[in-house]
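**Student:** Sequence:
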Amino acid sequence: MSMVEPSVAGSYDILVVGAGPAGSSAARTAARMGSKVLLIEKNQRIGVPVQCAELVSKWVSQHASFTSGSIIQSVETMGIHLPNGATFEMKSPGYMLDRSLFDKELATSAILSGAEVLTGAKAIEASSEGVLIEQGSRTEWIRTKVVIGADGVHSTVARWTKQPSLRVMVALQYEVALFESQSHADIYFHPDYEGGYAWF
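Residues in the sequence shown are numbered from 11 upward in steps of one, following this note's numbering.
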């Protein structure tokens, strides 16, 4: 971390780095509790590009604020296919989400709760006094009491705090058009992708 004394441009109780579901939820909760919160996102558009898959358990609706507009379809059952050919079916109530819209709605919820949001902004470095934010050609120091790192697997905040590097597994995703809604998902475990799974 830089030891340069910052010329602070803004002051917040909490700076949240990353406006994905975790970051937006943290910003919303902190703002509701009365903290002055700044949420920054490196991409210009929240939710773009889409990160991760879109299938979630229905219990997520108890903890996240989103509308039915971000639900593509409901899923009620799931088939588990094992390498030995065995198949099990189970009830697994969930949603297929439009992740781009879902992420935007969570960020909107944070804003409505009182958080400020800055897009196209990156956390560049930190000192004991604040965090240097870069937005386009402009940089400024932000004074903050707390930094929440919600900036994903390649987290800048994690590097600042010398967190051990995570092992990363590459995933492939294809979007396929469905001619009709389906309430069933299938999960496949196979030696060809040992340690992971495939699903549709």
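Hints are computed from structural coordinates only; laboratory data are not their basis. One or more of the hints may lead you astray.
Unchecked claim - BS3-like cross-link-like pairs, simulated, lysine-lysine; straight-line CA separation at most 25 Å:
(1) K172 - K155
(2) K68 - K46
(3) K52 - K132
(4) K114 - K52
**Student:** For every hint, state whether the structure bears it out.
**Tutor:** Going down the list of hints, with the structure as the test:
1. K172 - K155: 19 Å, holds
2. K68 - K46: Distance ~31 Å between K68 and K46 Cα, so the pair is violated.
3. K52 - K132: Judged against 25 Å, a Cα distance of about 5 Å means the pair holds.
4. K114 - K52: Between K114 and K52 the Cα gap is close to 14 Å, so the pair holds against 25 Å.
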